[in-house]
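Engineer: So the protein lines, in turn, are chains A and B.
Residues 1 to 328 (UniProt numbering) make up the first sequence, in order.
Residues 1 to 373 (UniProt numbering) make up the second sequence, in order.
The set of hints was computed from the structure by calculation and includes no laboratory data.
In this text the structure is predicted, and so the values were computed from the model without any measurement.
Beta carbons are placed, not taken as given, at the ideal position from N, Cα and C, and that holds for glycine.
Treat the hints loosely; a few may be bogus.
Stated by the list, open to error - Partner residues aside, some chain B positions facing chain A, computed with beta carbon under 10 angstroms:
1) 101
2) 141
3) 343
4) 344
5) 361
6) 371
What the hints assert, rightly or not - Across the chosen pairs, the derived CB separations fall in these ranges:
7) 278(A) - 365(B): 24 to 32 angstroms
8) 227(B) - 110(A): 33 to 41 angstroms
9) 227(B) - 48(A): 35 to 43 angstroms
10) 30(B) - 48(A): 51 to 59 angstroms
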Amino acid sequence: MTETLTLAKAMNEGLRRALDDDPKVLVMGEDVGRLGGVFRVTDGLQKDFGEERVIDTPLAESGIVGTAIGLALRGYRPVVEIQFDGFVFPAADQIITQLAKMRLRSLGAVRLPVVIRIPCGGGIGAVEHHSESPEAYFTHTAGLRVVACSNPSDAYTMIQQAVTCDDPVIFFEPKRRYWDKAPVDTAPGRDGWTPFDRARVVNPGEDVTVLAYGPMVKTCLEAASAALEEGRTLEVIDLRSLNPLDIDTVVSSVERTGRCVVVHEAPVFNGYGAELAARITERCFYHLEAPVLRVGGFSTPYPPSRLEDHYLPDLDRVLDGVDRAMGW
Amino acid sequence: MTIDSAREAPGLTEAPPPELIQLLTPEGIRVEHPDYPLDLSPEEIRGLYRDLVMVRKVDLEAVALTRQGELGLWASLLGQEAAQVGSGRALAERDMVFPTYREHGVAWCRGLDPLRLLALFRGLSNCGWDPAEHNFHLYTIVIGSQTLHAAGYAMGVQRDGVLGTENAAGTIAYFGDGATSQGDVNEAFVFASVFNAPIVFFCQNNQWAISEPLEKQSRIPLYKRAQGFGFPGLRVDGNDVFACLAVTRRALEAARTGQGPTLIEAYTYRMGAHTTTDDPTRYRLAAELESWKLKDPIERVKAYMVKNELADAAFFDEVDAEAKRYATDLRRRCLEMPDPEPLAIFENVYAEGHSLISEEQRRFAEYLESFDD
Ligand SMILES: Cc1ncc(C[n+]2csc(CCOP(=O)(O)OP(=O)(O)O)c2C)c(N)n1
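Build the full structure now, drawing on both the sequences and the hints.
Structural biologist: Written out as structure tokens, the structure reads:
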């Protein structure tokens with residue numbers, strides 16, 4: 001059955017399906033119950049699944065993740081919501097020192113199917129700590145899977161895949177795309193679903209490979225349309241999974257185009273794009289016509305909202321990157 | 001527990017809890033408390049009343065500005081005026097304040113221009129004032145963080161060797177009921193306690209942390225937490241400006257004279273939404289709001305003043321008129337604030353020159369110029 005859903009509603013449907021499929025699945029976080037989350041992603045879930053399964057927790061992120069670890073040790077599959085990107089740091093200790101490493105420390109005896117959902121990124125005119133892109137911290141930590149959805153259909157499938165995964169998953173949701181609508185196939189069954197650790201070519205093209213994930217995918221697709229008017233075709237790839245990285249999909253594209261621009265909202269310096277640039281250079285060195293270029297945020301704290309349009313890569317900044325790659 | 005039992009929020013209980021320190025009843029009747037004598041001149045009482053009215057008016061104006069799209073967000077203090085003005089007026093100039101994002105009334109008492117607050121919520125700055133200017137630290141959005149800074153600051157005051165002298169400074173940290181669940185707040189209690197730091201922890205228990213009622217944070221009254229950490233905790237009627245003033249004064253005095261920390265739980269109520277993006281009708285019963293309206297912090301002072309002939313109608317009218325003029329002027333000043341220059345993004349990131357920032361700034365300037373032709 002295909003329905004047109006917002007990304008937030010698609011997440012909601014995906015979570016609903018996950019709760020339905022497995023009685024061990026729990027949803028936890030601040031305001032996820034009665035309120036349905038500040039973005040309404042968990043709207044109605046407590047009403048339908050009860051307070052034992054959809055849990056309004058005390059206001060304590062370290063507590064939320066720490067107890068989710070304990071629940072997972074007891075056989076549950078907690079899906080935790082961190083209310084905003086900037087508030088994951090009180091839980092960083094539990095995520096980095098505990099969640100990521102317990103499997104290895106138990107020689108594989110322990111499984112930690114914990115999903116940590118983080119609404120991420122800027123562009124909604126918010127105050128401080130509500131617009132960050134903390135992916136590099138987590139992709140740097142071995143033992144965590146890190147994924148980012150960019151559209152309603154992926155939101156629906158990827159959250160279910162994350163919940164059934166036996167590893168801890170950091171799940172980024174692009175908050176400024178929560179209200180974007182698209183058709184979602186909500187028929188039961190998982191046939192035809194792209195595995196959630198695969199990248200996807202979302203716009204085929206010949207001139208430049210543009211790599212993006214989460215909120216920037218839409219911007220890059222818009223840039224691809226604009227570039228077409230100038231007779232350039234951009235191959236836009238939605239990475240979807242940041243760790244593990246589906247490097248083969250990336251390599252086969254860059255080998256054809258010979259040019260690559262990486263786009264993300266996070267600061268460029270030591271950002272996720274640095275890893276992509278290095279890896280692509282290693283694998284595609286003799287195919288490259290230009291260095292891998294990065295378009296992203298500045299090496300400054302996320303600015304006050306009246307300046308965020310300057311900070312966030314937009315269509316012009318992406319096209320500028322494309323121009324630079326072409327002009328090399 | 002069922003979902004329904006969660007609706008029995010503490011706000012619905014009619015009688016105030018017996019341990020509540022109160023000097024002015026909701027009906028405006030002055031009561032005495034053996035431990036908290038308070039002697040205010042009529043002039044001082046009129047001053048407190050004016051503060052309450054001004055603070056409420058500024059807050060309402062900010063809410064209106066937000067509704068009109070002039071501010072990105074506003075966290076309203078409606079209902080919490082007495083807790084903030086009472087505690088704020090208890091502060092000596094040297095005392096240091098560590099606020100959250102809702103302490104507009106305390107900011108008022110410290111002399112911070114409300115325009116600064118509007119600038120923050122308008123998205124013009126990531127706070128944007130010098131804490132030393134009014135001994136009022138930066139607004140803190142990450143819940144509970146500032147309580148540790150406050151504890152550390154108080155430890156610094158202690159190390160300066162000024163406690164017990166006329167140079168003694170107290171430190172006060174503000175936070176909400178939800179914040180008491182954070183590790184940071186509990187760690188601040190531990191540090192303050194074991195180092196006997198000169199600090200007052202001022203918790204405004206407004207009954208809700210966004211949609212979560214107090215029961216989702218604690219099974220015991222919050223003021224009782226202090227005992228487990230080894231320092232005194234008390235609960236004051238947070239809608240009673242006299243009691244908040246007296247209790248905070250005394251706790252600050254204890255801090256300044258080396259007697260260590262105190263936790264004050266100001267029992268109050270958030271009358272509005274959590275912020276302007278929140279919809280409290282999704283989780284809160286209207287009856288609860290109605291019952292708290294009867295305890296309005298401004299009305300009770302007014303009733304007291306009228307009964308005791310501390311002010312006449314002309315005074316109340318003039319305060320209202322002043323508040324109105326002030327708000328109109330504040331609105332004008334708010335709308336006149338220009339957006340920051342794009343290159344301001346690169347300012348104040350570091351104290352000393354930083355090549356990466358300069359490089360990015362230069363490139364961005366070039367990029368912006370490329371649109372000029
Ligand atoms: C560490 C952290 N987690 C989550 C949030 C999002 N958030 C902002 S205010 C709030 C509720 C705070 O409640 P409380 O401490 O009672 O203070 P109040 O806003 O009611 O004054 C939440 C969950 C945050 N700002 N910081």
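Engineer: Decide, hint by hint, whether the structure agrees.
Structural biologist: Comparing the hints with the structure gives:
{"no.": "1", "hint": "101", "result": "holds (8 angstroms)"}
{"no.": "2", "hint": "141", "result": "holds (5 angstroms)"}
{"no.": "3", "hint": "343", "result": "holds (9 angstroms)"}
{"no.": "4", "hint": "344", "result": "holds (7 angstroms)"}
{"no.": "5", "hint": "361", "result": "holds (8 angstroms)"}
{"no.": "6", "hint": "371", "result": "holds (8 angstroms)"}
{"no.": "7", "hint": "278(A) - 365(B): 24 to 32 angstroms", "result": "holds (28 angstroms)"}
{"no.": "8", "hint": "227(B) - 110(A): 33 to 41 angstroms", "result": "holds (38 angstroms)"}
{"no.": "9", "hint": "227(B) - 48(A): 35 to 43 angstroms", "result": "holds (41 angstroms)"}
{"no.": "10", "hint": "30(B) - 48(A): 51 to 59 angstroms", "result": "holds (52 angstroms)"}
Hint check: no violations occur; every hint is consistent with the structure.
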